[in-house]
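**Q** What follows is each chain in one-letter form.
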Amino acid sequence: SQQGEEDPQALSIQEGENATMNCSYKTSINNLQWYRQNSGRGLVHLILIRSNEREKHSGRLRVTLDTSKKSSSLLITASRAADTASYFCATDGYGQNFVFGPGTRLSVLP
Amino acid sequence: DAMVIQNPRYQVTQFGKPVTLSCSQTLNHNVMYWYQQKSSQAPKLLFHYYDKDFNNEADTPDNFQSRRPNTSFCFLDIRSPGLGDAAMYLCATSRGPGTLAFFGQGTRLTVV
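Quick note, the sequences are listed as chains A and U, same order. Residue numbers for the first sequence, in my numbering: 1 to 110. Residue numbers for the second sequence, in my numbering: 1001 to 1112.
Everything labelled a hint here was simulated from the structure, so no lab data went into it. Some hints here could point you the wrong way.
Residues of chain A placed beyond 10 Å of chain U at every Cβ, according to the derived structure [as the list claims (entries may be wrong)]:
1. L11
2. T27
3. N31
4. R80
Derived lysine-lysine pairs resembling DSSO-like cross-links, with alpha carbons at most 30 Å apart [said to hold, decoys possible]:
5. K1052/U to K1017/U
6. K1052/U to K70/A
7. K69/A to K26/A
8. K70/A to K56/A
9. K26/A to K1044/U
10. K26/A to K70/A
11. K1038/U to K1052/U
12. K1044/U to K1017/U
13. K56/A to K1044/U
14. K26/A to K56/A
15. K1017/U to K1038/U
16. K1044/U to K70/A
17. K1044/U to K69/A
18. K1017/U to K26/A
19. K69/A to K56/A
Cβ pair distances, simulated, as ranges [claimed, not checked]:
20. S1080/U to G59/A: 42 to 48 Å
21. T1026/U to T20/A: 31 to 37 Å
22. R1079/U to S39/A: 25 to 31 Å
23. G16/A to S1080/U: 36 to 42 Å
24. F1015/U to R80/A: 40 to 46 Å
25. G1082/U to R54/A: 41 to 47 Å
26. R1009/U to Q14/A: 29 to 35 Å
27. S1080/U to N18/A: 45 to 51 Å
28. G1082/U to T67/A: 38 to 44 Å
29. S51/A to N1055/U: 20 to 26 Å
30. T20/A to T1110/U: 35 to 41 Å
31. V44/A to N1007/U: 18 to 24 Å
32. D1051/U to S12/A: 40 to 46 Å
On a predicted model such as this, the values are computed, not experimentally measured, just so you know. Note that CB positions come from ideal geometry on N, CA and C, so glycine has one too.
Build out the structure end to end from the sequences listed, making use of the hints.
**A** Pasting the structure below:
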């Protein structure tokens, strides 16, 4: 089954810095989604990017998608302590439900 | 207001004693999913309902069952919980495959 795989697995940065997380997947997709999960809580969707899109923005978030490289990146600009969480990408192909990658644990230090 | 509600938030059950986790939604979404998430791992899809159609993932153990009596509710039944079934169980809904999913807060299951 196709699966997104994020890297790095863990990332620590200072408040105000930018954080970049990457996701790679194996097979053709219909769309790719990024989710955030605070410790012990449910997942919150951040951005959905379709296979025919290359970039999307939402506030301090910027997602890119390169289908030729089967990869996506999530950029969080001007990070805050409240951005500390795990970030997952999830991919789905035509007619298939999305599968999550192992996630990146982001720590933003004050 | 919460749109996907899972009850209870924390559940303790005895080894081998059947347990049911519940999920309800106010979004009127067609699809409801159940995921299992173990510590520091990605959520793993167990099964989903598209309306009344049940779709089981190939590697979901028979110990896990699900019911969806109506659009709003979906249940996860674990017939004989083992220690390895201790995890966070996440319910999610979406309008259809490939659309945004909305997750509940999860139920953390402990097996003693």
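**Q** Evaluate each hint against the coordinates.
**A** The hints, checked one at a time:
1. Every C-beta of chain U lies more than 10 Å from that of L11/A, the closest at about 15 Å, which supports listing it as non-interface.
2. For T27/A, the shortest C-beta to C-beta distance to chain U comes to about 14 Å, beyond the 10 Å cut-off, and the non-interface label holds.
3. For N31/A, the shortest C-beta to C-beta distance to chain U comes to about 5 Å, within the 10 Å cut-off, and the non-interface label is violated.
4. With a minimum CB-CB distance of about 22 Å to chain U, R80/A clears the 10 Å threshold, and the non-interface call stands.
5. Distance check on the hinted pair: K1052/U and K1017/U sit about 27 Å apart at the alpha-carbon level, within 30 Å; holds.
6. At roughly 34 Å between alpha-carbon atoms, K1052/U and K70/A are farther apart than 30 Å, so this suggested pair is violated.
7. The straight-line distance between the Cα atoms of K69/A and K26/A is roughly 10 Å, inside the 30 Å bound, and the hint therefore holds.
8. About 16 Å separates the Cα atoms of K70/A and K56/A, which keeps this hinted pair within 30 Å; it holds.
9. Taking the CA atoms of K26/A and K1044/U, the gap is about 17 Å. The hint holds against a cut of 30 Å.
10. The suggested pairing of K26/A with K70/A holds, with an alpha-carbon distance near 7 Å, which does not exceed 30 Å.
11. Only pairs whose Cα atoms come within 30 Å are accepted, and K1038/U paired with K1052/U is accepted, the gap being roughly 28 Å.
12. Note on K1044/U and K1017/U: the hinted pairing holds, with a Cα-Cα distance of about 23 Å set against a maximum of 30 Å.
13. Proximity of K56/A to K1044/U is assessed by CA-CA distance (about 26 Å); at most 30 Å being required, the pair is judged to hold.
14. Between K26/A and K56/A the alpha-carbon distance is near 22 Å, which keeps this suggested pair within the 30 Å criterion.
15. Distance hint between K1017/U and K1038/U is fulfilled; the C-alpha atoms sit about 20 Å from each other, no more than 30 Å.
16. Under the criterion of a C-alpha separation no larger than 30 Å, the hint pairing K1044/U with K70/A is consistent with the structure, at around 21 Å.
17. A hinted pair counts as satisfied when its Cα atoms are at most 30 Å apart, and K1044/U with K69/A qualifies at roughly 25 Å.
18. Restraint check for K1017/U and K26/A: not satisfied, since their Cα atoms lie roughly 40 Å apart, outside the 30 Å limit.
19. A threshold of 30 Å between alpha carbons decides the hint, and for K69/A with K56/A the separation of about 17 Å falls inside it, so the pair holds.
20. Separation of S1080/U from G59/A is about 46 Å and conforms to the stated range, judged on CB atoms against 42 to 48 Å.
21. Restraint check, T1026/U to T20/A: a C-beta distance of roughly 36 Å satisfies the suggested window 31 to 37 Å.
22. Taken as a hint, the range 25 to 31 Å holds for the pair R1079/U and S39/A, whose Cβ atoms sit roughly 30 Å apart.
23. Roughly 51 Å separates the CB atoms of G16/A and S1080/U, a value that falls outside the hinted 36 to 42 Å.
24. The supplied range of 40 to 46 Å is met by F1015/U and R80/A, whose beta-carbon atoms lie about 43 Å from each other.
25. Taking the beta carbon of each, G1082/U and R54/A are about 46 Å apart, inside 41 to 47 Å as hinted.
26. Distance hint check: the CB atoms of R1009/U and Q14/A are about 33 Å apart, consistent with the given range 29 to 35 Å.
27. A hinted range of 45 to 51 Å for the beta carbons of S1080/U and N18/A is consistent with their spacing of about 48 Å.
28. A hinted range of 38 to 44 Å holds for the C-beta pair G1082/U and T67/A, which are about 41 Å apart.
29. Taking 20 to 26 Å as the suggested C-beta distance range, the pair S51/A and N1055/U conforms, at roughly 23 Å.
30. About 36 Å separates the C-beta atoms of T20/A and T1110/U, a value consistent with the hinted range of 35 to 41 Å.
31. A C-beta distance of roughly 19 Å is found between V44/A and N1007/U, which places it inside the suggested range of 18 to 24 Å.
32. A hinted range of 40 to 46 Å for the beta carbons of D1051/U and S12/A is consistent with their spacing of about 44 Å.
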